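**Student:** So you can see what is in the structure, the chains are spelled out below.
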Amino acid sequence: MTVNDIVKSLPLTVVAGGDGLGAEVTGGYVSDLLSNVMGHAAAGNIWVTMQGHQNIVAVASLAGLAAVIVAGGAVPERETVAKAESEGIVLLTTALPSFAVVGLLYQSGVKGQ
Amino acid sequence: MNSEQGIALEYELKGGDFEIAGEASSKIKRVLQQIGVRSDVIRRIAISSYEAEMNVIIHAWSGVLKARVFPDRTEIIVEDQGPGIADIDLAMQEGYSTAPDHIREMGFGAGMGLPNMVRCSDEFAINSVAGQGTRINIVIRHS
Numbered sequence: 001m002t003v004n005d006i007v008k009s010l011p012l013t014v015v016a017g018g019d020g021l022g023a024e025v026t027g028g029y030v031s032d033l034l035s036n037v038m039g040h041a042a043a044g045n046i047w048v049t050m051q052g053h054q055n056i057v058a059v060a061s062l063a064g065l066a067a068v069i070v071a072g073g074a075v076p077e078r079e080t081v082a083k084a085e086s087e088g089i090v091l092l093t094t095a096l097p098s099f100a101v102v103g104l105l106y107q108s109g110v111k112g113q
Numbered sequence: 114m115n116s117e118q119g120i121a122l123e124y125e126l127k128g129g130d131f132e133i134a135g136e137a138s139s140k141i142k143r144v145l146q147q148i149g150v151r152s153d154v155i156r157r158i159a160i161s162s163y164e165a166e167m168n169v170i171i172h173a174w175s176g177v178l179k180a181r182v183f184p185d186r187t188e189i190i191v192e193d194q195g196p197g198i199a200d201i202d203l204a205m206q207e208g209y210s211t212a213p214d215h216i217r218e219m220g221f222g223a224g225m226g227l228p229n230m231v232r233c234s235d236e237f238a239i240n241s242v243a244g245q246g247t248r249i250n251i252v253i254r255h256s
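Top line first, the protein sequences correspond to chains A and B.
Note that the numbering used here gives residue 80 to position 80 of the first sequence, counting from 1, and the numbers run on in steps of one.
Going from the second sequence to the numbering used here is simple: count from 1 and add 113.
No wet-lab data here; the hints were simulated from the structure.
Treat the hints with care, since some could be wrong.
[Unchecked claim] Quick list of the computed label-pair ranges, beta carbon to beta carbon:
#, chain 1, residue 1, chain 2, residue 2, range
1, B, Gln146, A, Pro11, 18 to 26 angstroms
2, B, Gln118, A, Gly103, 47 to 55 angstroms
3, A, Glu85, B, Gly244, 39 to 47 angstroms
4, A, Ala82, B, Gly128, 32 to 40 angstroms
5, B, Ser152, A, Lys111, 16 to 24 angstroms
6, A, Gln113, B, Val231, 21 to 29 angstroms
7, B, Glu125, A, Glu77, 18 to 26 angstroms
8, A, Glu77, B, Gly149, 33 to 41 angstroms
9, A, Gly88, B, Asp235, 26 to 34 angstroms
[Said to hold, decoys possible] Stretch-level coverage of chain B by chain A, calculated; a stretch enters the list once three of its residues show a Cβ under 8 angstroms from a Cβ in chain A:
#, segment
10, 137 to 148
11, 236 to 247
[What the hints assert, rightly or not] Here are some, though not all, of the chain A residues that point toward chain B, as calculated from beta-carbon distances under 8 angstroms:
#, residue
12, Asn4
13, Val7
14, Leu10
15, Thr13
16, Asp32
17, Met38
18, Ala43
19, Ser61
Note that the structure is a prediction, hence the values are computed from the model and not measured.
For every residue, glycine included, the Cβ atom is placed at its ideal position computed from N, Cα and C.
Start from the sequences and build out the full structure, keeping to the hints where you can.
**Tutor:** Take a look at the structure:
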């Protein structure tokens with residue numbers, strides 16, 4: 001399953017990094033603690049968070065994540081969007097709360113691992 | 114690449130500068146990608162380097178992040194001028210953090226930085242002097 005498959009089936013908006021939509025998604029992870037994501041998300045995971053500041057881009061890039069979903073209607077800062085674009089990180093937003101997004105991801109076949 | 118000279122990278126870090134936080138580690142990652150280090154190894158180097166970099170940004174006043182890339186391993190050395198760590202055993206415990214609230218609100222200070230470095234590295238050493246600073250040495254082998 002690719003990031004694009006997920007974007008097409010869930011209420012997600014692509015706000016940056018559209019070139020990376022073809023990336024394969026290996027699983028999912030949800031957390032607002034950056035070091036927790038660094039330590040426990042696997043490469044190729046899609047990450048659900050409510051953090052919208054620009055440090056999420058470095059975390060996603062260095063941990064080799066497939067995409068970041070900023071959930072709960074949180075708005076990524078302008079610098080976050082610009083950085084995601086330049087680093088080639090797929091940045092998605094949704095009005096759905098984190099719990100609901102994770103539920104939908106699970107239903108579409110993305111598992112936690 | 115000369116076998117024991119390696120590639121030397123060095124980046125200055127400034128405490129509290131969250132805007133460019135992570136850039137030094139990103140640059141190291143790009144160099145490793147260019148020379149063709151295995152991607153799962155790069156990931157371990159990037160994570161431990163980032164955690165060490167962020168500790169300087171969060172806790173210290175200034176510091177330097179050095180990477181030495183050899184054919185068989187990468188060494189990360191981070192030295193800072195800062196408050197130091199009063200109790201290293203406590204700081205090594207997952208979940209223990211001294212980060213202030215405004216930094217925790219950004220999702221930092223989960224108390225997992227040092228444990229993540231240990232988990233990702235083959236060799237890990239930390240020295241700290243309260244009131245002066247901290248030095249971390251990490252070695253990650255490429256195979």
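**Student:** State for each hint whether it applies.
**Tutor:** Do the hints match the structure? See the list:
Between B/Gln146 and A/Pro11 the beta carbons are some 34 angstroms apart, a value that contradicts the proposed interval 18 to 26 angstroms. Between B/Gln118 and A/Gly103 the C-beta distance comes to about 53 angstroms, which sits within the given range of 47 to 55 angstroms. In this structure the hint that A/Glu85 and B/Gly244 lie 39 to 47 angstroms apart at CB holds, the actual value being about 42 angstroms. A hinted range of 32 to 40 angstroms is violated for the C-beta pair A/Ala82 and B/Gly128, which are about 24 angstroms apart.
Look at B/Ser152 against A/Lys111: about 22 angstroms separates their beta carbons, and that is inside 16 to 24 angstroms. Here the CB-CB span from A/Gln113 to B/Val231 is close to 22 angstroms, well matched to the stated 21 to 29 angstroms. For B/Glu125 paired with A/Glu77, a C-beta distance near 25 angstroms keeps the hint of 18 to 26 angstroms intact. Distance hint check for A/Glu77 and B/Gly149: the Cβ-Cβ separation is about 35 angstroms, which falls inside the suggested range of 33 to 41 angstroms.
Between A/Gly88 and B/Asp235 the CB atoms are about 29 angstroms apart, so this pair conforms to the stated range of 26 to 34 angstroms. With a cut-off of 8 angstroms between beta carbons, the segment 137 to 148 of chain B has 3 residues touching chain A; three or more are needed, and the interface restraint holds. With 0 residues bearing a CB less than 8 angstroms from a CB of chain A, the segment 236 to 247 of chain B misses the requirement of three and the coverage assertion fails. Look at A/Asn4: its Cβ only gets to about 22 angstroms from chain B, farther than 8 angstroms, so that hint breaks.
Given the 8 angstroms rule on beta carbons, the hint for A/Val7 is violated: about 24 angstroms separates it from the nearest Cβ of chain B. Hint on A/Leu10 is violated. Least Cβ distance to chain B is approximately 23 angstroms, over the 8 angstroms limit. Taken as an interface hint, A/Thr13 does not check out: its beta carbon lies about 22 angstroms from the nearest beta carbon of chain B, beyond 8 angstroms. Annotation: A/Asp32 was flagged as interfacial toward chain B, and the flag holds, the nearest CB pair being 5 angstroms apart, inside 8 angstroms.
The closest approach between the C-beta of A/Met38 and any C-beta of chain B is roughly 5 angstroms, which is under the 8 angstroms cut-off, so the hint is satisfied. Because the smallest distance between the Cβ of A/Ala43 and any Cβ of chain B comes to about 6 angstroms, under 8 angstroms, the interface hint for this residue holds. With 8 angstroms as the threshold, the beta carbon of A/Ser61 comes within range of chain B, its nearest partner Cβ sitting at about 6 angstroms, so the hint holds.
Violation of the numbered hints given earlier is confined to hints 1, 4, 11, 12, 13, 14 and 15; the remaining hints are satisfied by the structure.
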